[in-house]
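Please construct the entire structure, taking both the sequences and the accompanying hints into account.
Residue numbers (numbering that gives the first Met the number 0): 0 to 460.
Source of the hints: derived by calculation from the structure; they are not laboratory data. Bear in mind that the values here come from a model prediction, so they are computed numbers and not experimental data. A portion of the hints provided could be inaccurate.
To be verified - Simulated pairs of lysine-lysine, BS3-like, Cα-Cα distance not exceeding 30 Å: (1) K274 to K216; (2) K301 to K183; (3) K274 to K347; (4) K274 to K343; (5) K183 to K216; (6) K301 to K274; (7) K301 to K343; (8) K417 to K274.
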Amino acid sequence: MVFSSLPFLFFYLPVVLAIYRLSPLFLRNFFLLLASLFFYGWGEPVYILIMVLSIAVDYTHGRLVERWRENDRLARRAVASSVICNLGILIFFKYWDFIAVNVNALTGLSIPVLGLPLPIGISFYTFQTMSYTIDVYRRDAPVQKNVVTFGAYVTLFPQLIAGPIIRYKSVAEQLEGRREDLEKFAAGVQRFTVGMAKKVLLANAIGQLWDRTLASKELTFAGAWLGVAAYAFQIYFDFSGYSDMAIGLGKMFGFDFLENFNYPYISRSVVEFWKRWHISLTTWFREYVYFPLGGNRVSRAKWVRNILIVWLLTGIWHGAGWNFLLWGLYYAAWMLLERLWLGKVLEKLPSALTHVYTMAVVLTGWALFAVEDMGQLGGYFRALFGGAPAVNAGDLYQLRSYLPMLVILTIGSTPLMKRLWERLGERTRSVLTPVLVLGALVLCTASLVDASYNPFLYFRF
0 MVFSSLPFLF FYLPVVLAIY RLSPLFLRNF FLLLASLFFY GWGEPVYILI
50 MVLSIAVDYT HGRLVERWRE NDRLARRAVA SSVICNLGIL IFFKYWDFIA
100 VNVNALTGLS IPVLGLPLPI GISFYTFQTM SYTIDVYRRD APVQKNVVTF
150 GAYVTLFPQL IAGPIIRYKS VAEQLEGRRE DLEKFAAGVQ RFTVGMAKKV
200 LLANAIGQLW DRTLASKELT FAGAWLGVAA YAFQIYFDFS GYSDMAIGLG
250 KMFGFDFLEN FNYPYISRSV VEFWKRWHIS LTTWFREYVY FPLGGNRVSR
300 AKWVRNILIV WLLTGIWHGA GWNFLLWGLY YAAWMLLERL WLGKVLEKLP
350 SALTHVYTMA VVLTGWALFA VEDMGQLGGY FRALFGGAPA VNAGDLYQLR
400 SYLPMLVILT IGSTPLMKRL WERLGERTRS VLTPVLVLGA LVLCTASLVD
450 ASYNPFLYFR F
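Here it is as structure tokens:
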């Protein structure tokens, strides 16, 4: 089940909200746990067992860390055990087949390829639960002694399957008591609707152009760049739209989740882009990998090592494929280049030029990210960099057809509309908001009823 689906909008969400509001306060976390497990088990009920295992593993290890607080050696072992268990589950389900196929090809062994379906959102909730035990050890978060409350945190359906990655310390107090009122609920509905419109009306529309480009047998220079621009818009409005929906749903249930996107496509450097894109993942790797390795307070050689490790892991986190590994190395190289030399050059250049540079790097990276077949990836890169005809009639037709949407997406990727909205008087906004929310809900519903194209890109992560 996804948020941008009719069963969720007209069955699951209304029923859950109604029962949640009717439940006494002391039962609300328990009901959220049950409702979230039902949500997660909608597609693959058997994988509820993995979720329950994750809850048991990290709840137990958190208690052990607290119990052995005065014995640092034992507390560290508990943290290490938690990390090993979490990574073991993740590696088995997400990377086993990739490892088996490549080891078999290199060695001639016959390690079995299991072909197991990937548990939805496993990368997100594994990182969440892993950070809990670490934060308890660091004294950054209190230990949770109520297993139901902890289970509600792990399974919280608004952000369960595609983030943002919610660290326990950011919601610990909210799990014990949170503000739930009409104003916050209305803000949640508004934010959810904005996210759904981004996903259903924008990401889905431009995603079809990317699909056509990827399936093209006569890829050109212009077509390749147009296609990767379409993918860049699709993944941004798809994922940021999902994050908006998650944040909005959180507010409906009294939670305040941190922002996950901050207009990344207005960035003027690659470093800035990654401060604005998927903020929760960037923050997680910084706090739980980069800083523990020493960050930049080490020798230059070790700092380069730290950057390479973080970005290799970032690439692999996104998927079990060589293209994701290359994508991670690609960004490691640009990060090192900017921090060692190029960043100083960019500071002296006009902002328009640095923005063009950044978008060229990001678009090239999206091609590396999106095309998983290595043979096809080589052909796509040849087209991107001049190894194909410049343009054909099909490219011009696609450009004419999608030009209005591309203009809308470009404007929507900037803070322009937000600034114009904020310039309106409070009274005007209060009148327009319910009209716009209702109109967007009607349009999204009509689109979902009419259309069969409704992919969700981050399901595979």
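Determine which of the earlier numbered hints do not hold for this structure and return their numbers in increasing order. 1, 2 and 5
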